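> Letter by letter, the chains look like this.
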Amino acid sequence: MVLDSQLRRYSLAAISCGLALAVSWPFDSFASIYFLAVLVSSLHGGKGPGLLSVALSAVAYNYFWLPPQIHLSERFSYFRFAFFLGTTLAIVGLIEAKRHAEEARRRIALRVQKSESYLSEAEGLGHAGSWACTPHLAYTYFSAEMYPILGFPAGDAPPSAGDIGKRFAPEEWLRVRETFEAARREKIAWDGEFAIILPNGSGRAVRMVGHPVLGASGEVAEFVGTAIDVTEQRHARTALQQAFDEIKKSEDQLRTIIETIPGLVWCAAPEGEFNYLNRRMLEYTGTTLDVLGQLGWINFLYADDRAPVLAAWSHAVATGRTYEIQCRLRRSDGIYQWFHVLGQAARDNAGAITRWYGLLIDIDDRKNIEEALYGSEARLSRATQTATVGEFAASIAHEINQPLAAVVANGHACLRWLSAQPPGLAKAHEAAERIVRDGKEAGEVVRRIRALFKRAALEKIELDMNEVIGEVLRLLSGEAARRHVAVETDLAKNLASVTGDRVQLQQVIFNLLLNGIEAMDPVLDRPRKLFIRSNQHSPEAVLVEIRDCGVGLKDPEKVFEAFFTTKEDGMGMGLAICRSIIDAHHGRLWASPGQDAGAIFSFTLPAQLTTAP
Amino acid sequence: MNPDNPIVFLVDDDHRVREALSSLLSSVGLRVAVFGSAAEFLEYEKPDAPACLVLDLQLPDTSGLELQQQLAGLRLAGEDAPPIVFITGHGDVASSVRAMKAGAIEFLSKPFGEQELLQAVKAAIALDRVARQKRSELAELQRHYKLLTPREREVLPFVVAGFANKQTGADLGASEITIGVHRGQIMRKMGAKSLAELVRMADKLGIATPRS
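Chains P and Z supply the protein sequences, listed in that same order.
Each residue of the first sequence is one higher than the one before, starting from 19 at the first, in the numbering used here.
Each residue of the second sequence is one higher than the one before, starting from 40 at the first, in the numbering used here.
Hints listed in this document are in silico derivations from the structure and should not be mistaken for laboratory results.
Hints are not guaranteed to be accurate.
[To be verified] Straight line, CA to CA, 27 Å or less: simulated DSSO-like cross-link-like pairs of lysine-lysine: (1) Lys173(Z) <-> Lys161(Z); (2) Lys205(Z) <-> Lys85(Z); (3) Lys161(Z) <-> Lys445(P); (4) Lys243(Z) <-> Lys140(Z); (5) Lys85(Z) <-> Lys445(P); (6) Lys185(Z) <-> Lys232(Z).
[Stated by the list, open to error] Computed footprint of chain Z on chain P; a stretch qualifies when at least three of its residues, placed anywhere within it, have a C-beta under 8 Å from a C-beta of chain Z: (7) 449-462; (8) 486-496.
None of the values given here were measured: they were computed from a predicted structure.
Even glycine gets a Cβ: it sits at the ideal position worked out from N, Cα and C.
Build out the structure end to end from the sequences listed, making use of the hints.
See the structure below:
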């Protein structure tokens with residue numbers, strides 16, 4: 019027992035020395051009693067009290083006993099005193115050394131005990147136990163956790179190999195033994211997972227890891243290792259694997275869908291760089307993602323489409339808006355086909371774009387049909403032109419017959435003036451001049467009609483819309499008069515010229531005017547007036563407006579649909595064709611209701627910006 | 040060339056046609072008055088001469104057929120209305136049938152020969168001359184008829200029907216002598232030289248004979 023308090027330890031030294039003095043005084047005693055005091059002080063008090071007791075003993079030794087028996091004045095006495103001092107110091111030193119050694123051992127033992135308890139705790143938590151066994155499967159050490167893992171009562175000596183073997187199915191036990199055997203032969207570590215069956219019938223999975231400890235002879239002396247119950251991990255792993263399989267399956271399905279849908283699919287990084295193309299897209303283009311990246315995807319587009327596509331894509335990437343455009347993409351055999359391209363940004367919760375997903379839909383057939391339709395529409399347009407010719411043959415005949423009648427009558431008059439007595443030469447001359455004039459006019463009418471129905475290819479030239487309007491008005495003036503329609507014009511001066519096909523634009527105006535005239539057929543209670551107006555709508559556009567005061571429109575958009583008609587004998591193609599013509603001229607044609615009655619048909623055409631001086 | 044100096048009215052909205060036809064008609068010595076529309080024509084103070092109207096079927100304001108109807112109305116009212124020769128740039132059957140039924144002289148499609156036109160115009164003028172003659176005779180008779188007293192107008196139908204004065208007197212409640220006096224007055228006022236002439240006059244005036 020070591021006294022804790024410093025004071026107590028030193029007091030002990032003083033008391034033991036005092037007792038030694040008290041005992042040695044009456045008995046004129048010997049020095050050995052002081053040895054005992056030093057021994058006690060040193061043993062129980064430590065080094066300090068030991069040295070104190072040495073000092074006290076030395077004093078007591080000198081003053082209380084030496085005179086008359088031994089004192090320092092004698093030579094011999096010095097020797098004895100030195101011997102005494104040396105011996106007591108040696109005692110203190112020895113005891114101190116022993117105490118140190120004991121202290122160290124105690125601390126180590128404490129640490130070992132602590133770490134053993136930690137280990138045990140850790141083993142318990144991790145369902146892991148440690149073991150040692152001979153090369154012949156005789157277990158020499160089982161940690162506490164080993165027992166519950168293998169289903170043995172705690173605290174017993176390690177079970178025999180036979181008992182342990184009962185925990186395994188026979189073939190599994192064979193596998194354990196083979197593993198051991200192989201490790202022993204090869205002197206290698208091993209690591210295996212084995213299935214065991216506990217006495218209560220439940221199956222567990224145990225992972226056993228072992229490594230050989232070689233003896234002096236170089237043979238395996240023993241194996242040490244661990245056993246871990248991995249049943250939970252295995253369950254978790256199985257569940258994880260199942261979940262993983264499920265994900266993989268649905269991912270495979272998704273991939274199959276993506277790979278097989280009749281579209282070309284792509285993904286791109288938020289900055290617009292492509293990072294995935296589906297198989298169809300790769301097959302179509304006959305390339306790989308890497309090659310596409312190296313060559314630049316834009317070079318796979320039809321040359322004319324590159325600039326608009328690049329602009330649209332850059333805009334989409336910059337703004338995050340949906341990307342949509344039609345363009346021609348080169349197939350592996352070099353043929354370009356039309357595609358409708360769609361791109362949509364995927365965003366994270368914060369709204370930042372994480373990826374672009376895109377789809378290319380093959381619209382080549384549709385485009386081809388559209389073009390074929392456009393062709394048939396052009397033919398249809400000619401057909402309706404012909405129908406219009408039929409409808410208004412009479413009107414046109416009137417236009418020609420009028421000057422012709424004048425020519426004939428003038429001819430007769432001329433002859434009569436010449437044959438009169440005396441001849442009316444001046445009158446004959448006038449009549450002859452009128453013949454020339456009216457003959458030319460008849461020729462002009464014929465020329466205009468031929469121009470109107472000429473089956474010429476589109477010929478875009480610079481045109482003055484006022485001139486075009488004037489030509490059509492001349493053709494229609496008879497018709498307007500016949501139907502009692504007064505035509506009023508308001509044509510802007512200095513109108514910018516437009517680029518277009520004269521015949522087609524004449525046809526549009528002809529149709530619109532004729533529609534206006536016909537729309538006023540039922541009108542009896544007010545003057546039938548038709549206004550045609552041209553003006554500079556904006557610096558970029560010329561506007562032509564045709565306003566009637568007829569029956570008006572129920573649905574201003576529907577009239578432009580093909581085969582929509584309010585006329586008994588109409589084909590319903592006129593306005594549809596007008597619109598297609600204006601569209602082809604990059605203009606716009608629309609209808610709106612008139613202020614009081616009737617309808618207004620208006621169209622704009624792009625103006626020639628560089629007007630002639 | 041014609042003593043009564045006939046006139047041709049020409050209504051056509053096309054100045055070229057007006058000029059040519061005007062020249063042609065003048066060359067055969069006819070007076071010509073030209074108009075661009077029906078309204079101009081109607082406003083025109085017409086000379087008292089046999090006339091003909093050369094009318095375009097398609098006119099900007101009132102159509103040719105409408106003008107024809109208006110003129111027919113005037114004629115019924117006893118006014119002068121010249122016969123019509125229609126000309127047209129594109130004649131359709133329906134319009135021509137309507138025009139002819141309504142009494143048009145001719146329906147010519149442009150361009151037409153001078154003979155067709157001149158013959159039609161001459162025929163129309165001749166017709167108008169006769170019509171004018173008849174109209175002026177009738178007007179003369181009516182002027183005479185207006186001179187008769189109411190009692191004389193009562194007696195006239197009996198005279199022209201050939202009743203004896205005695206019988207007429209019995210029917211009208213007057214003496215035979217009184218009826219004889221009326222009869223003399225009627226003959227004098229109407230300017231009839233014989234009973235037969237008076238009968239023709241009464242026929243023209245459309246006076247119905249009384250039933251016995």
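> Next step is simple, just say for each hint if it's right about the structure.
Hints, one by one, checked against the model:
1. Lys173(Z) <-> Lys161(Z): holds (18 Å)
2. Lys205(Z) <-> Lys85(Z): Judged against 27 Å, a Cα distance of about 51 Å means the pair is violated.
3. Lys161(Z) <-> Lys445(P): The hint holds at about 22 Å.
4. Lys243(Z) <-> Lys140(Z): At roughly 25 Å apart (the allowed maximum being 27 Å), Lys140(Z) and Lys243(Z) satisfy the hint.
5. Lys85(Z) <-> Lys445(P): Distance ~26 Å between Lys85(Z) and Lys445(P) Cα, so the pair holds.
6. Lys185(Z) <-> Lys232(Z): Given that 27 Å is the threshold and the Cα spacing comes to 18 Å, the pair holds.
7. 449-462: With 5 residues close enough to chain Z, the hint holds.
8. 486-496: Contact hint for the region 486-496 of chain P vs chain Z: violated, 1 residues under 8 Å.
Taken one by one, the earlier hints fail for this structure at numbers 2, 8, listed in ascending order.
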